[in-house]
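Asker: Kindly generate the complete structure, drawing on both the sequences and the hints.
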Amino acid sequence: MSDDGAGEPVLRVEGLKAHYDSTDGFLDRLLGRSRRVKAVDGVSLELREGETLGIVGESGCGKTTLARSVLRLIEPTAGSVYHRGEDLTALSSAELRDRRRDLQYVFQDPHSSLDPRLTAGDVVGEPLDVHGLATGAEREDRVRELLETVGLSPSHANRYPHEFSGGQRQRLGIARALAVDPEVIVCDEPVSALDASVQAQVLNLLADLQAEFGLSYVFIAHDLRVIEHVSDRVAVMYLGEFVERGPTEAVFDPPYHPYTEALLSAIPEPDPLWEGDGIRLDGTVPSPIDPPSGCRFHTRCPRVIPDADYDLRPETWRTVMDLTLRAAEADDAASLTAARPDPTEAPRETFDGLVREEFDLPDTLPDAAAEEALGEAIDALHDEGIGAAAALLDSAFTSPCERHRPPEYELGGDHGIACLRYDDGFDEEAGTFADGSV
Amino acid sequence: MTALLEVEDLTVRFYTEEGVVTAVDGLSYRIEAGETFGVVGESGAGKSVAALSVLGLIDDPGRIERGEVRFKGEDLRSMTDAELRSVRGDEIAMVFQDARAALNPVYTVGEQIAETIEHHMGYDPAAARDRAVRLLDRVGIPEAGTRYSDYPHEFSGGMCQRATVAMALSCEPDLIVADEPTTALDVTVEARVLDLLADLADEFDVAVQLITHDLGVIAGTCDRAMVMYAGEAVERAPIEELYYDPKHPYTAGLMSAIPHVGDDRDRLQTIPGTMPDLIDVPSGCRFHPRCPFAEEACTRTDPALVDPENGEAATLETERAAACLEYTEGLTGGLDYSVEVDGETNERAEDDDGGEDDDGREDEGEEGGSDE
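From first to last, the protein sequence lines stand for chains A and B. Positions 1 to 438 (full-length UniProt numbering) are the ones given, in order, by the first sequence. Positions 1 to 372 (full-length UniProt numbering) are the ones given, in order, by the second sequence.
I should point out that these hints are in silico values taken from the structure, not numbers from a laboratory. Please note that a few of the clues may not be correct.
[As the list claims (entries may be wrong)] The following label-pair restraints were derived from C-beta to C-beta distances: (1) 126(B) x 433(A): 52 to 62 Å; (2) 282(A) x 124(B): 48 to 58 Å; (3) 205(B) x 315(A): 25 to 35 Å; (4) 154(B) x 372(A): 29 to 39 Å; (5) 119(B) x 14(A): 13 to 23 Å; (6) 328(A) x 134(B): 20 to 30 Å; (7) 22(A) x 134(B): 32 to 42 Å; (8) 154(B) x 360(A): 54 to 64 Å; (9) 360(A) x 310(B): 33 to 43 Å; (10) 36(A) x 18(B): 42 to 52 Å; (11) 25(A) x 279(B): 41 to 51 Å; (12) 42(A) x 195(B): 29 to 39 Å; (13) 154(B) x 293(A): 16 to 26 Å; (14) 299(B) x 42(A): 21 to 31 Å.
All C-beta atoms in this analysis are idealised placements derived from N, C-alpha and C, irrespective of residue type, glycine included.
Answerer: Dropping the structure here:
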């Protein structure tokens, strides 16, 4: 829909951070315990004229916070948002209000984002009043026109939101955003609350409006099928950061970031014979209060890079990593087996089996050194407890992904992936970078 | 030969202040032992009400007006409350959409499962606890022994749903009714829960009635499926036939309305309008106001569920059934849609019904559901 790299982007976001304070009450404050939720942690993006930038990720990855902080509905902690060369984060609130004539927002929930006491006409007319764009008969005309534009009947202007269906309410939300004739609309999950047939209607409407008014969209969704359909470019978000970014075709085809690959593999395709790649992620997105070190995805990544000290297959390495990570968090040895009440009372041999069974570890690791380290750790777990075992595991097994926070590697064609596997200078066999560091 | 579950001519009405809502109207289907049967439709189609009736959970102002729900040949409607209670839980279990709400927040997850086991299976507390831990482990809760004593709020959404699956399995039921079990979950978690349901259905030889609005979910997990619209079944078919050869225009429309990865359509096909108000359903075929192929006859005659091959009325045994006049009286214009199957890679199939050639036919009616 847009020429790549044509002109100045309408919106440019640089190093945006949005952190919350989630310190729990008086006691925490008294003791000086602060807990910062790093919902968005250093995101940069460009939105070009007339294009749709899709942002996708699981719940808890910071999509909505990003969308809101871009328009300063949430105050960003750091970073800048440039619109037509001017930094939004530096504007006063009056200036920001003027700026909202160009930047609008469509919310996810069409039920709670409309004032129940305003009629449809007033919902759509309110932005006209706020910005002093139209009054009297002109306002009436504009409201009718807007309702018609989004496929609602102008005769419904006197109805209240509850008299509309979900799809119609979402159309009202879109009409409200359109009222000021904006350049950019940030759409936060605009169709996720809608039924399939209505969802298609709203997606088509958004496409029509884009063509008619030359709008640029930032489109947030968790549904990759929707993202692929609407976006010119896509950014995949994980724990407050972009892990992959590029034109839609590039992101949806190999090479992938392992997280993108896993998301794609999990899409329920409406095809009974569809096999998929069967990649399944364990667990959920970790807490953004204390995100994992290095690559934030390493705790779940099916393709995490093995420790170069050992010769292990990636699947086996993943299970060793799982044990190491769980040991670091567990309270006691029993947590590492499914057995009850106290597995450490079992003989060493049985206990060994229990641990291996819980983590799908092979009876003997194929690499002798790795097996020796694992054996020692299980001994420690059996005899000394969880702390000693966790320390042994942690010092014996470390993935390069835990140590290095991958920058975005350019793959050409405006496609970037933040994964160590795409660092040309990194030697997986030796575990060293081009400059010889480890 | 009787199937595990036979629902025949089920009609459920809700007497509300606004009027009488016929949520389910003359619904018939069967589920064989061990099979996974999908029920798909949009909000207001009557999917959940149909599921709740199977468990005898319809409460005021709702009432089952007509029909039979036979489980292993016995009509659940003629059972006493006590009998019904023992079937429910022992033989039919339910998994809900909102798993966290389905768990009691003031008891630990493990206790709740153990309690069910004690109550329904007569285990002593220690044995019940043991079994609960093993079940939690089986459904993929890490550190099941420790997690047994966690409260529901300490579980993530996916783990809560796994726990309710464990609870549903705890009494070795023959049928699990799962109502939108993955709708509230992330796609990665959804895939795992669906895998789990499929594995367990095999392992425990339990039948599953899987209710969802997402055709993608049905495709990967079910043996047969039924499509519902405005309280009625509009199509029933083995899963592959449903996707590759949909016989009802609503099924075809629903499939082409989903965007999917790898297709480069600029516009999605849409079904104009919205689901009708169930207090005052359209005359004739309920889908006719939204159907691109509707003709005058469709506004008068309510089509029955028939075998599309020969137009004979469908019985419970009929594998393939659709409710469209095309298969009885015949429509002058016929049903002009085709299904494209990407056969080469078999990666993505089913596509673009409703005629991409005569384009705009479905798009034009895009009124956003001004349902007047």
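Asker: Is the gap between the beta carbons of residue 42(A) and residue 195(B) within 29 to 39 Å?
Answerer: Check passed, 35 Å falls within 29 to 39 Å.
Asker: Using the Cβ atoms, figure out if residue 119(B) sits within 13 to 23 Å of residue 14(A).
Answerer: Violated, at about 60 Å.
Asker: For residue 360(A) and residue 310(B), compare the CB-CB distance with the range 33 to 43 Å and indicate the outcome.
Answerer: 52 Å, violated
Asker: Does 21 to 31 Å hold as the CB distance between residue 299(B) and residue 42(A), or does it fail?
Answerer: 60 Å, violated
Asker: How does the Cβ-Cβ distance of residue 328(A) and residue 134(B) compare with 20 to 30 Å: does it lie in that range?
Answerer: Given range 20 to 30 Å: holds, Cβ gap about 26 Å.
Asker: May I ask you to test the hint 54 to 64 Å on the CB atoms belonging to residue 154(B) and residue 360(A)?
Answerer: 25 Å, violated
Asker: Could you see if the CB distance from residue 126(B) to residue 433(A) stays within 52 to 62 Å?
Answerer: Check passed, 56 Å falls within 52 to 62 Å.
Asker: So the hint says 16 to 26 Å: do the beta-carbon atoms of residue 154(B) and residue 293(A) match that?
Answerer: 24 Å, holds
Asker: Using the C-beta atoms of residue 282(A) and residue 124(B), is the stated range 48 to 58 Å upheld?
Answerer: 34 Å, violated
Asker: Given the hint of 41 to 51 Å, check if residue 25(A) and residue 279(B) actually sit that far apart at their C-beta atoms.
Answerer: 49 Å, holds
Asker: Take the C-beta atom of residue 154(B) and the C-beta atom of residue 372(A), compute their distance, and say whether it sits inside 29 to 39 Å.
Answerer: 37 Å, holds
Asker: Holds or violated: 42 to 52 Å for the Cβ distance of residue 36(A) and residue 18(B)?
Answerer: 49 Å Cβ-Cβ, so the 42 to 52 Å window holds.
In this structure, the hints that do not hold are numbers 2, 5, 8, 9 and 14, in rising order.
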